[in-house]
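Undergrad: The lines below spell out each chain.
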Amino acid sequence: MKKKFINYISLLLGVVLLAPSLAFAQAGVDVNATVAAPAVSVKITAATELQRTRADKKIDRRNVALTAMIARITDLKRLNADAKASVSSSLSAQVSALTNLKAKIAADTDEATLKTDIKAVTDSYRIFVLVLPQGRIIIMSDTVVYIADAYLQLGAKLNARIGEAKAAGNNTAAVEASLTNLATKSNDAKTQAQASVDIIAALAPDGGDKAKMAANTKALLDARAKLKVSMDDLKAARAEAVKIMVALKTFKVSASGSASTTVAQ
Amino acid sequence: MSGGAKFIIAVVVLVLVLFGAWYWLKGNAAAPVDTTQIQATTTQPVAQTPPPQQQNLLTSNDMSDAALASDMAAIDGQMGVASQDSSQVDSSLNDKSAQ
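Note that the protein sequences, when read in sequence, are chains F and D.
With this note's numbering applied, the first sequence closes on residue 265, and no number is skipped along the way.
With this note's numbering applied, the second sequence closes on residue 1099, and no number is skipped along the way.
Incorrect hints may appear among the rest.
[As the list claims (entries may be wrong)] Here are the simulated lysine to any residue pairs, SDA-like style, with alpha carbons at most 25 Å apart:
| hint | chain 1 | residue 1 | chain 2 | residue 2 |
| --- | --- | --- | --- | --- |
| 1 | F | 243 | D | 1056 |
| 2 | F | 77 | D | 1072 |
| 3 | F | 77 | D | 1087 |
| 4 | F | 228 | D | 1086 |
| 5 | F | 235 | D | 1070 |
| 6 | F | 166 | D | 1070 |
| 7 | F | 249 | D | 1070 |
| 8 | F | 228 | D | 1088 |
| 9 | F | 218 | D | 1087 |
| 10 | F | 235 | D | 1020 |
| 11 | F | 243 | D | 1078 |
| 12 | F | 243 | D | 1093 |
| 13 | F | 249 | D | 1067 |
| 14 | F | 235 | D | 1010 |
| 15 | F | 57 | D | 1088 |
| 16 | F | 43 | F | 115 |
| 17 | F | 166 | D | 1067 |
| 18 | F | 243 | D | 1073 |
| 19 | F | 252 | D | 1073 |
| 20 | F | 228 | D | 1073 |
| 21 | F | 249 | D | 1074 |
| 22 | F | 235 | D | 1017 |
| 23 | F | 235 | D | 1056 |
| 24 | F | 212 | D | 1078 |
| 25 | F | 57 | D | 1060 |
| 26 | F | 210 | D | 1094 |
| 27 | F | 243 | D | 1090 |
| 28 | F | 210 | D | 1090 |
| 29 | F | 249 | D | 1087 |
| 30 | F | 218 | D | 1093 |
| 31 | F | 166 | D | 1093 |
[To be verified] Just the calculated beta-carbon pair ranges, DEER-fashion:
| hint | chain 1 | residue 1 | chain 2 | residue 2 | range |
| --- | --- | --- | --- | --- | --- |
| 32 | D | 1080 | F | 119 | 36 to 42 Å |
| 33 | D | 1010 | F | 53 | 54 to 60 Å |
| 34 | F | 208 | D | 1094 | 18 to 24 Å |
| 35 | D | 1023 | F | 209 | 49 to 55 Å |
| 36 | F | 195 | D | 1060 | 29 to 35 Å |
| 37 | D | 1017 | F | 46 | 22 to 28 Å |
| 38 | F | 232 | D | 1069 | 22 to 28 Å |
| 39 | F | 90 | D | 1091 | 19 to 25 Å |
| 40 | F | 56 | D | 1018 | 39 to 45 Å |
Rather than coming from a laboratory, the hints here were simulated on the basis of the structure.
Note that beta-carbon positions come from the ideal geometry of N, C-alpha and C, so glycine has one too.
Please take these sequences and the hints and turn them into a complete structure.
TA: Given below as structure tokens:
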């Protein structure tokens, strides 16, 4: 009897001493379930498991692209600080949301829920269809405005040089017309670039709505068309600047070594 | 009941009390964390340094022919960047394979 009692107590003691490690292991499962793939559930087919793996890679690819775009947005020249912060924050939110979705997909144990979550990778976020094109348009628009401003600065310098040539008795009518064209094209490039951003700024993922997806696609293409016009404007502005610079050399007027010019923006 | 059995029971009671105290403290110190919280913690965007103010491509007021040519070269360099940006816009709008 005594021996049985001692054996019972020993067993109880063993369970009690093992309990903390068992509890700790259980706690580990709770936390790690968010980052590690769970054991294959009997409820999920092998085909869906394959889709889970593909969805994981899709999310990784999207997050890499978004992270690269955030870095590029930070480096933009013309977008003001608030706008940069807003765009970057929006992109970062997408990265966070996708990362959460990745964890959820890894932890899903129900076939239907897993399929819904896998579908959400494309339908709910539209990273490649909408978000990245939006970002590309914003980036290009910024570059266009940066260049257009540079042409306007250059125009201010050329205007000063034309003034000197005119004062020296040269006929400057043609170069003055070119200068006007340069300014017109540069300003139009800025207008078109801004308009392209205005078109796409408020677009949101379609969530599977085909009509909304078509509208988003049309808006992106419209914005793209405006950027093409802006690029043509910049090329035209360049051609006018070259004409003026060539003409100035024929005027035989010595250029100022360093003049103080107020640059028009 | 022998003295040995009493001793074992006392040890068991002591261990149970200690375990209970440990488990209670652990529960308070590390409350269950849901998935969302974990992910939100691990994916917070890194704080960025304040971006620079607007920059101008042309910074010199020099109006000599050489300076104007230099300005034009700088602008041409940026036109190359714009062309790359344009290509990337095109590819991002045409990329159906990455869906």
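Undergrad: If a hint holds in the structure, say so; if it does not, say that too.
TA: Comparing the hints with the structure gives:
Distance restraint check for residue 243 of chain F and residue 1056 of chain D: the Cα-Cα separation of roughly 23 Å lies within the 25 Å cut-off, and the hinted pair is therefore satisfied. The hinted pair formed by residue 77 of chain F and residue 1072 of chain D meets the criterion: a straight-line CA distance of about 18 Å does not exceed 25 Å. Between residue 77 of chain F and residue 1087 of chain D the CA atoms are separated by roughly 19 Å; this keeps the pair inside 25 Å, and the hint holds. For a cut-off of 25 Å, the pair hint linking residue 228 of chain F to residue 1086 of chain D stands: about 8 Å separates their Cα positions.
Using a Cα cut-off of 25 Å, the hinted pair residue 235 of chain F and residue 1070 of chain D holds, with the two alpha carbons roughly 17 Å apart. Proximity of residue 166 of chain F to residue 1070 of chain D is assessed by CA-CA distance (about 24 Å); at most 25 Å being required, the pair is judged to hold. Taking the CA atoms of residue 249 of chain F and residue 1070 of chain D, the gap is about 15 Å. The hint holds against a cut of 25 Å. Between the alpha carbons of residue 228 of chain F and residue 1088 of chain D the distance comes to roughly 13 Å, so the proposed pair stays at or under 25 Å and holds.
Restraint check for residue 218 of chain F and residue 1087 of chain D: the C-alpha separation of about 18 Å stays at or below 25 Å, so the hint holds. For the proposed pair residue 235 of chain F and residue 1020 of chain D, the alpha carbon gap of about 78 Å is over 25 Å, so the pair is violated. Using a Cα cut-off of 25 Å, the hinted pair residue 243 of chain F and residue 1078 of chain D holds, with the two alpha carbons roughly 20 Å apart. About 36 Å separates the Cα atoms of residue 243 of chain F and residue 1093 of chain D, which puts this hinted pair outside 25 Å; it is violated.
For the hint linking residue 249 of chain F to residue 1067 of chain D, the alpha-carbon distance of about 13 Å falls within 25 Å, and the restraint holds. As the CA atoms of residue 235 of chain F and residue 1010 of chain D are separated by approximately 92 Å, the hinted pair breaks the 25 Å bound. A distance of roughly 22 Å separates the Cα atoms of residue 57 of chain F and residue 1088 of chain D; the hinted pair therefore holds under the 25 Å criterion. This hinted pair checks out: residue 43 of chain F and residue 115 of chain F have alpha carbons roughly 12 Å apart, not beyond 25 Å.
With a C-alpha separation of about 20 Å, the suggested pairing of residue 166 of chain F with residue 1067 of chain D holds against the 25 Å cut-off. Between residue 243 of chain F and residue 1073 of chain D, the direct Cα distance comes to roughly 15 Å. Compliance with the 25 Å bound is thereby established for this hinted pair. Of the pairs offered as hints, the one joining residue 252 of chain F and residue 1073 of chain D holds, with about 23 Å between alpha carbons and a cut-off of 25 Å not exceeded. Using a Cα cut-off of 25 Å, the hinted pair residue 228 of chain F and residue 1073 of chain D holds, with the two alpha carbons roughly 22 Å apart.
Between residue 249 of chain F and residue 1074 of chain D the alpha-carbon distance is near 20 Å, which keeps this suggested pair within the 25 Å criterion. About 83 Å separates the Cα atoms of residue 235 of chain F and residue 1017 of chain D, which puts this hinted pair outside 25 Å; it is violated. For the hint pairing residue 235 of chain F with residue 1056 of chain D, the CA-to-CA distance comes to about 19 Å; that is within 25 Å, so the pair holds. Taken as a hint, the residue 212 of chain F and residue 1078 of chain D pair is broken in the structure, with Cα atoms around 35 Å apart against an allowance of 25 Å.
At roughly 49 Å between alpha-carbon atoms, residue 57 of chain F and residue 1060 of chain D are farther apart than 25 Å, so this suggested pair is violated. Of the supplied pair hints, the one linking residue 210 of chain F and residue 1094 of chain D holds, its CA atoms being roughly 18 Å apart against a limit of 25 Å. Only pairs whose Cα atoms come within 25 Å are accepted, and residue 243 of chain F paired with residue 1090 of chain D is rejected, the gap being roughly 31 Å. Under the criterion of a C-alpha separation no larger than 25 Å, the hint pairing residue 210 of chain F with residue 1090 of chain D is consistent with the structure, at around 22 Å.
Our distance criterion of 25 Å between C-alpha atoms is broken by residue 249 of chain F and residue 1087 of chain D, whose separation comes to about 36 Å. A distance of roughly 11 Å separates the Cα atoms of residue 218 of chain F and residue 1093 of chain D; the hinted pair therefore holds under the 25 Å criterion. Pair hint residue 166 of chain F plus residue 1093 of chain D does not hold up; C-alpha atoms about 49 Å apart against a cutoff of 25 Å. As the Cβ distance of residue 1080 of chain D to residue 119 of chain F is approximately 41 Å, the hint placing it in 36 to 42 Å holds.
Range check, residue 1010 of chain D to residue 53 of chain F: Cβ separation about 56 Å, and the 54 to 60 Å hint holds. For residue 208 of chain F and residue 1094 of chain D, the hinted distance range of 18 to 24 Å is satisfied, since their beta carbons lie about 22 Å from each other. A hinted range of 49 to 55 Å holds for the C-beta pair residue 1023 of chain D and residue 209 of chain F, which are about 51 Å apart. At roughly 31 Å, the beta carbons of residue 195 of chain F and residue 1060 of chain D sit within the given window of 29 to 35 Å.
Distance hint for residue 1017 of chain D and residue 46 of chain F: a CB-CB separation of about 50 Å, inconsistent with the stated range 22 to 28 Å. A C-beta distance of roughly 24 Å is found between residue 232 of chain F and residue 1069 of chain D, which places it inside the suggested range of 22 to 28 Å. For residue 90 of chain F paired with residue 1091 of chain D, a C-beta distance near 22 Å keeps the hint of 19 to 25 Å intact. At roughly 43 Å, the beta-carbon separation of residue 56 of chain F and residue 1018 of chain D lies within the given 39 to 45 Å, and the hint holds.
Checked against the numbered hints above, the structure breaks hints 10, 12, 14, 22, 24, 25, 27, 29, 31, 37 and satisfies the rest.
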